[in-house]
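Q: Each chain, letter by letter, is given below.
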Amino acid sequence: MVEVLALSNIVLPVLIFIAVYILITFEIVDKSIAVLTGVAILAITHTSGLKEMVTFVDIDTIGLLFGMMIIICVIQRTGLLRIISYKIAKLTKGSPLKILLLFGLTTAVFSAFLDNVTTILIMVPITIELTLGLGLDPRLFIITEVLLSNIGGASTLIGDPPNIMIGSATGITFNQFLTNLGLPILLIIAFSYIYVMIVRKSQLKPVDKDLKKIFSIELLFHKIRSDLHQTTFDTKYITKSIIILILVIVFFMLEQITHIRPAVVAITGGLLLFFITKTKFEEILEKVEWNTLLFFIGLFILVGVLEKVGIIELLAHKLVEVSGSNPYIIILVILWATGIISGFLDNIPLTATMIPVIMTFSNNITLPNNIIWWALSLGTCLGGNVTVVGASANVIAVGMAKKHHHHISFIDFLRLGLPIFLISMIVSSIYLIIRIWAGI
Amino acid sequence: MKTKEIIYKLLRDHEDQLGANELTNLVYTSFKKCIDDVYVKSVKELLAQVYDFINIITKSEPKITPLNNTFRNLLYIIKKDEKKLFEQDISFVKAYIKNEIDNRKKNIHRYQERAIENGSKCIEDGDVIMVHSVSYTMFGSLEKAVHRKKMFKVYVAQQEPKKTDLIIKKLRHLGITTEVVPEYAINHVIDKVTKIFFGALSITSDGHFLANIGTKAIISIAKLRNIEIYILSSCLKFTTEPMTKQNIHAKKELHHVQDMSYPIIKFSHDFIGLDNVTYIVTDEGKFHSDNFKQLYGKVKEKFFFMRNNNSN
Chain C
1 MVEVLALSNI VLPVLIFIAV YILITFEIVD KSIAVLTGVA ILAITHTSGL KEMVTFVDID
61 TIGLLFGMMI IICVIQRTGL LRIISYKIAK LTKGSPLKIL LLFGLTTAVF SAFLDNVTTI
121 LIMVPITIEL TLGLGLDPRL FIITEVLLSN IGGASTLIGD PPNIMIGSAT GITFNQFLTN
181 LGLPILLIIA FSYIYVMIVR KSQLKPVDKD LKKIFSIELL FHKIRSDLHQ TTFDTKYITK
241 SIIILILVIV FFMLEQITHI RPAVVAITGG LLLFFITKTK FEEILEKVEW NTLLFFIGLF
301 ILVGVLEKVG IIELLAHKLV EVSGSNPYII ILVILWATGI ISGFLDNIPL TATMIPVIMT
361 FSNNITLPNN IIWWALSLGT CLGGNVTVVG ASANVIAVGM AKKHHHHISF IDFLRLGLPI
421 FLISMIVSSI YLIIRIWAGI
Chain X
441 MKTKEIIYKL LRDHEDQLGA NELTNLVYTS FKKCIDDVYV KSVKELLAQV YDFINIITKS
501 EPKITPLNNT FRNLLYIIKK DEKKLFEQDI SFVKAYIKNE IDNRKKNIHR YQERAIENGS
561 KCIEDGDVIM VHSVSYTMFG SLEKAVHRKK MFKVYVAQQE PKKTDLIIKK LRHLGITTEV
621 VPEYAINHVI DKVTKIFFGA LSITSDGHFL ANIGTKAIIS IAKLRNIEIY ILSSCLKFTT
681 EPMTKQNIHA KKELHHVQDM SYPIIKFSHD FIGLDNVTYI VTDEGKFHSD NFKQLYGKVK
741 EKFFFMRNNN SN
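Line order of the protein sequences matches chains C and X. The first sequence stops at residue 440 when you use this note's numbering, and every number in between is there. The second sequence stops at residue 752 when you use this note's numbering, and every number in between is there.
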């Protein structure tokens with residue numbers, strides 16, 4: 001009888017977790033509703049008590065997400081990002097190659113500090129306008145931007161939710177993320193560009209030999225500038241917001257000296273922005289993605305229960321069995337497995353599941369310099385590039401293209417996404433192997 | 441979408457925001473920059489591209505008459521000098537074309553200023569003027585009247601929100617007292633209005649003018665109440681072509697509402713008979729619409745008779 005009860009205590013959370021995963025993957029219901037329903041069932045069946053559930057929630061991750069959401073909302077209201085995207089558009093002078101390079105790089109840099117969806121919402125509309133103005137097919141440019149957004153996001157603690165979760169769970173700092181992942185991300189960006197420039201050469205021909213096209217892009221720049229001039233920008237508001245954003249990033253970087261957690265820095269930065277810019281609190285609170293925050297809270301509880309009933313430990317042991325004690329195999333298994341799974345499933349629940357698995361696993365096998373976490377970060381963040389459903393930013397970008405009557409099919413995305421994913425994984429593998437080999 | 445269609449769409453968008461005269465200036469400024477930027481291997485290639493470009497510009501949907509007139513003239517001048525140009529190098533030909541562009545810009549400005557001067561004289565103290573569209577000549581006339589300390593008020597007949605906002609912004613900038621009335625409700629204020637000002641995209645040989653969509657509805661109401669209707673425009677808007685050849689752009693869009701969808705046909709401009717307006721004010725002066733033929737003849741003599749002349 002006791003055994004049956006113990007078994008049901010294990011089976012129920014596993015079944016709920018699998019059901020929630022299916023609901024999220026196939027978008028049968030809203031992902032927050034899916035996880036919260038799972039949590040409700042666990043509470044009703046007394047699998048876990050409310051007090052216990054609260055202890056499963058990683059407040060560092062929730063706080064950092066909340067703080068960054070406030071900062072991004074205020075920055076977006078300043079119009080600063082629109083001005084930057086217009087300036088970049090002018091720099092391209094209508095050259096398709098420059099549009100690809102400058103907009104892609106800006107997207108990657110923005111994504112390192114802002115969330116990927118926000119970046120895509122800012123960068124894609126002007127890209128569509130520019131490419132259509134040149135009579136080009138915008139799909140190549142949109143897909144490249146979204147791929148670079150996912151790649152750029154992997155380089156910092158705040159660039160992508162999996163990194164926020166890893167950072168909060170392990171205490172890895174902003175600087176550690178940047179110094180350890182910056183180099184592979186730069187290499188991945190460079191190799192991805194080389195690949196796109198070779199295979200899509202015909203779409204990147206210069207337009208400076210065609211008077212009509214130069215004229216068209218010239219008129220387009222006037223239109224974008226005129227639209228921009230019709231918007232009133234408050235330079236003081238913009239300056240104050242930039243100063244706060246820079247301060248927040250500086251404090252992220254100084255974590256080892258100040259010992260102030262990124263969540264505290266982000267929330268304080270958000271509050272300071274309210275005071276300094278006198279933005280109405282209610283207006284910004286309306287823009288905060290409560291849905292996402294609730295999703296994270298629910299997910300932490302589901303994974304916490306799995307950990308409590310011993311499933312995570314079981315998975316960790318399985319991982320040890322599969323990969324043995326060879327550090328090269330362990331790292332490559334984590335990198336490629338999480339990468340491939342993230343291409344088809346939401347990388348946030350995957351990261352939430354993998355963090356305790358790797359923590360338990362690390363008790364048995366020691367790998368230096370957080371390499372195992374870099375493998376998880378690179379796998380979960382870059383895996384989103386495989387398919388159109390691999391990351392939220394991909395779905396948003398495809399939706400925006402559709403609005404402009406350009407359909408990006410699953411295959412269209414895969415054609416560019418899969419090779420770039422493979423490039424990313426190969427570069428990451430080589431980088432991690434060298435680090436294990438050199439012991440750095 | 442082909443480059444030609446993209447250019448036409450951009451021309452329509454700019455015309456909405458700037459009016460035809462300012463658009464003409466913008467096109468010349470952009471064209472001059474493009475002449476600098478275009479990479480060609482020979483004069484022959486450069487001229488072929490210029491001819492192709494002029495061919496596109498002069499067939500826009502709708503036709504932008506000041507552009508049409510001045511570019512046709514530019515084409516004539518270049519063709520006349522073609523043989524000499526073939527003997528020159530690319531930089532010389534580029535400089536030659538840019539010089540011709542500058543000449544045209546100066547002339548356009550001169551005609552605009554004269555039309556504005558004449559337009560401003562039509563505004564009296566106590567006038568209540570209704571406006572509807574963005575027109576450089578119209579705004580210039582209102583601005584000049586403000587500088588002359590004329591006391592008047594403006595009603596803006598509301599149309600697309602973006603365009604209306606732009607008009608309000610411009611009028612506020614001039615310090616003019618403004619109120620907005622929806623297009624469909626002007627009946628309620630029309631009795632207070634003393635004059636209605638419109639700009640024009642073209643004034644055709646068969647006695648019509650092309651203006652922003654919605655103009656015809658306002659004129660119909662105003663005419664019933666015998667309110668003075670003014671067309672403010674430079675003579676560069678006059679065309680030898682009839683109204684039917686102005687390529688008014690029509691677009692059918694599918695509108696979706698909940699569980700149904702229906703097509704909406706959108707037109708870029710209205711065309712209205714000049715017998716429906718009271719005065720036509722141009723750089724040539726103020727003419728009663730009954731005297732259109734006299735004005736047309738004068739303009740034809742000035743421009744079309746001489747349209748192959750560099751000075752135009």
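Treat the hints as calculated values from the structure; they're not laboratory data. Small disclaimer: the values here were computed from a predicted structure and weren't measured. You may find that some hints are simply not true.
[As the list claims (entries may be wrong)] DEER-style ranges, computed between Cβ atoms:
hint, chain 1, residue 1, chain 2, residue 2, range
1, C, S226, X, H696, 49 to 55 Å
2, C, P125, X, K685, 48 to 54 Å
3, X, D646, C, S409, 47 to 53 Å
[What the hints assert, rightly or not] In silico lysine-lysine, DSS-like type, Cα no more than 27 Å apart, as pairs:
hint, chain 1, residue 1, chain 2, residue 2
4, X, K444, X, K593
5, C, K223, X, K692
6, C, K209, X, K692
7, X, K481, C, K223
8, X, K472, C, K205
9, X, K499, X, K593
10, X, K593, C, K93
11, C, K209, X, K538
12, X, K706, X, K740
13, C, K98, X, K589
14, X, K499, X, K663
15, X, K663, C, K90
16, X, K706, C, K403
17, X, K593, X, K481
C-beta: ideal position from N, C-alpha, C; glycine also.
Q: Determine for every hint whether it applies to the structure shown.
A: How the hints compare with the structure:
1. C:S226 to X:H696: 49 to 55 Å: violated (29 Å)
2. C:P125 to X:K685: 48 to 54 Å: Taking Cβ atoms as reference, C:P125 and X:K685 lie about 37 Å apart, which means the hint is violated.
3. X:D646 to C:S409: 47 to 53 Å: Hint holds: Cβ distance 51 Å, inside 47 to 53 Å.
4. X:K444 to X:K593: violated (42 Å)
5. C:K223 to X:K692: holds (23 Å)
6. C:K209 to X:K692: The hint is violated at about 34 Å.
7. X:K481 to C:K223: violated (31 Å)
8. X:K472 to C:K205: Answer holds: X:K472 to C:K205 is near 23 Å, not above 27 Å.
9. X:K499 to X:K593: violated (39 Å)
10. X:K593 to C:K93: violated (44 Å)
11. C:K209 to X:K538: holds (18 Å)
12. X:K706 to X:K740: violated (33 Å)
13. C:K98 to X:K589: violated (52 Å)
14. X:K499 to X:K663: Violated, at roughly 33 Å.
15. X:K663 to C:K90: violated (48 Å)
16. X:K706 to C:K403: Holds. X:K706 to C:K403 sits at ~19 Å (cutoff 27 Å).
17. X:K593 to X:K481: Violated. X:K593 to X:K481 sits at ~57 Å, over the 27 Å cutoff.
Taken one by one, the earlier hints fail for this structure at numbers 1, 2, 4, 6, 7, 9, 10, 12, 13, 14, 15 and 17, listed in ascending order.
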